[in-house]
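Participant: Sequence:
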Amino acid sequence: MADEKDFSSLDGTYGTGVGTGADAPRDIGAPVGDSFDEFLAQSDAVSMSESGEVSAPASDSFEEFLSSSDGTGEAVAAKPDNKLVALLKSVFGVGQKGDRVSGGEKFSYYFYFTGQNVIYCLVATYLSAYLLMQGIDPEKIALVMLLVKIWDGVNDAIFGAIIDKIKFKSGNKFMPWLKMSVVLIPLSVIFMFAMPADIPEIGKLVWFAIAYLLHDTFYTMCDAPLYGSVTVLTDNFAEREKMMSVKGIFGTAGSGLTGLLATVLISRAVGLSYFVVAVIAAVIAFATMLPFCIKGRERAPAPPPEKPFTVGGMLKYLFSNKYLLIFYLAFLFSSGLSLLGPLQLFMSYYVFGSELVTLYVGVITTVPFVLAALSVPYLLKKISKITLYKIALITTVTICLLMFFFAKGNVAAYIVLSVFNAFPTAITGVLLFMFTPDCAEYGRFKTGIEAKGITFSLQTFMAKVTGAIQSSLGLALIGLFGWQSVQADSFADLAAQNITQSTEAVNGLWITCILVPLIGNFVAFCILQFYRLKDKDVALMMRANTGEISKEEAMKGIKCRL
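Once you know that position 325 of the sequence shown is 349 in the working numbering, the rest is easy, because the numbers rise by one and skip nothing.
Simulated from the structure, these hints should not be mistaken for lab results. One thing to keep in mind: the hints can contain errors.
[Said to hold, decoys possible] Think about it this way: if two alpha-carbon atoms lie no more than 27 angstroms apart in a straight line, the pair counts; the simulated DSSO-like pairs of lysine-lysine are:
| no. | residue 1 | residue 2 |
| --- | --- | --- |
| 1 | Lys409 | Lys580 |
| 2 | Lys164 | Lys189 |
| 3 | Lys488 | Lys228 |
| 4 | Lys488 | Lys346 |
| 5 | Lys470 | Lys414 |
| 6 | Lys558 | Lys340 |
| 7 | Lys340 | Lys470 |
[To be verified] Cβ pair distances, simulated, as ranges:
| no. | residue 1 | residue 2 | range |
| --- | --- | --- | --- |
| 8 | Asp559 | Pro224 | 54 to 60 angstroms |
| 9 | Val443 | Val230 | 20 to 26 angstroms |
| 10 | Ile223 | Leu426 | 28 to 34 angstroms |
| 11 | Gln553 | Ile182 | 56 to 62 angstroms |
| 12 | Asp222 | Gln508 | 43 to 49 angstroms |
| 13 | Lys583 | Leu364 | 27 to 33 angstroms |
If you're wondering where the values come from, they're calculated on a predicted model, not measured in any experiment. Just so it is clear, CB atoms sit at the ideal spot from N, CA and C, and this is done for glycine as well.
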């Protein structure tokens, strides 16, 4: 699945550089449209120069800031008169010099990530709570989740091989898979949340296992081609990098929308069932994913198939790169023991008396979270990544320790401490996957072997491993604390039935959601004391790896132990 999980999914990679086109500016002569329809009409009339580049109309309104196309998918490099339009184009990577992808096609690509993350967030955040309301033993749910996640950890390599081998009549490599998944993913999530309430527990477990397995497979069918599709949408490296950067904004918006909307809809204030919420999410996902299936065009040659990386190969490389090993061992604890997400609704309901507390925290911490994330580039000018990361980790440990002892049952204290915790959490989220490229440079400098592919495959693999731990461990732990199975359609139904949990079970839920992540972050902090690869060292290694300086010259300035 997507990582991210993104945040964290935590999904994704941070600190992506954005290049600029190398072509000289050109004078563009075209009429200015007064409406979006006129603008699109003008876009069909643009002509191609002898050099193969496309002239473009200028644009003066927000509606016109989408770049045009000549019908062959070639984007235009507009020269807008309005500064706001120019700024928007720059932010979203639309109408830049040398672009190959039109504005409409780019936005359809971005919105596909919105729909994908709507589904991802619904499953990652609300599936555990839904299953706990179906009267199923949490330890049995944990076992099924773990087994499916093991499949999730290996199916990327399998599906990657399938993509390389199957040839479609259209000649396209990625788009046919996306066109299939745009239907299959929404249907699979509806099926998963449509579990009959009157069948026995074993029937529910079988239903869940089949539905979850199908959904995970269909999600992989979408995920791998979606990330690969950008390589055939354009052969302009700067445009490709910009698109990969901007899509993260739209993916985060999808997760945020789902988090806010679903929490309200299943709360006692509205009282919708999980099934209805799943249908709504599926419709939103389908509507936002469909445009790219219509507008997306593979115009650049597909890259040659990469050498497949086996789990054994990744582990062998991991143990040959000590800083990669140290970082991902720490990541295993900090991310794998982050158990709050799947259980936060029940924690809010049973510890604070309202499932909406998690919504309040999400809304209130948005501003400090964004501010902290934006501050990272400036902080890195003063302090190295690893030092900043460790400071953020130990700060989170301290705040969560205060939260564990003083905020249980106290909504005000929990919200205040969550606001403070948003700052270090945002910083670790931004920095999290910035260490992988550094470790790749270290590995090449040390061994002379270029292994970025296997390094980033390892990053995806570890994200899935920790996802498997998150989804199953939390449920297993609350089962050990005596969690009583419940049968309800929504939190409104749960409240109407006056279903309660024992003091031991509620205390166990608090320990699982607050204390266990605290321990994971502290263990990670301790492990990272052995990570001594600093930014200045990596910069020298990069210069040596590219041949700018010799390895001997680099060694004179490198401080870390190889």
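Participant: Each of the hints needs a verdict: does it hold here or not?
Facilitator: Hints, one by one, checked against the model:
Taking the CA atoms of Lys409 and Lys580, the gap is near 22 angstroms; set against the 27 angstroms cutoff, the hint holds. About 38 angstroms separates the Cα atoms of Lys164 and Lys189, which puts this hinted pair outside 27 angstroms; it is violated. Among the hinted pairs, Lys488 with Lys228 is consistent with the structure: their alpha-carbon atoms are about 25 angstroms apart, no more than 27 angstroms. Taking the CA atoms of Lys488 and Lys346, the gap is near 21 angstroms; set against the 27 angstroms cutoff, the hint holds.
A threshold of 27 angstroms between alpha carbons decides the hint, and for Lys470 with Lys414 the separation of about 25 angstroms falls inside it, so the pair holds. The straight-line distance between the Cα atoms of Lys558 and Lys340 is roughly 24 angstroms, inside the 27 angstroms bound, and the hint therefore holds. At most 27 angstroms may separate the alpha-carbon atoms for a hinted pair to count; Lys340 and Lys470 meet this at roughly 15 angstroms. Distance hint for Asp559 and Pro224: a CB-CB separation of about 58 angstroms, consistent with the stated range 54 to 60 angstroms.
For Val443 and Val230, the hinted distance range of 20 to 26 angstroms is not satisfied, since their beta carbons lie about 43 angstroms from each other. Between Ile223 and Leu426 the CB atoms are about 45 angstroms apart, so this pair departs from the stated range of 28 to 34 angstroms. Taken as a hint, the range 56 to 62 angstroms is violated for the pair Gln553 and Ile182, whose Cβ atoms sit roughly 38 angstroms apart. Range check, Asp222 to Gln508: about 20 angstroms between beta-carbon atoms, so the 43 to 49 angstroms window is missed.
Hint check: Lys583 to Leu364, Cβ distance near 37 angstroms, so the stated range 27 to 33 angstroms is violated.
Of the hints listed earlier, those the structure fails to meet are numbers 2, 9, 10, 11, 12, 13, in rising order.
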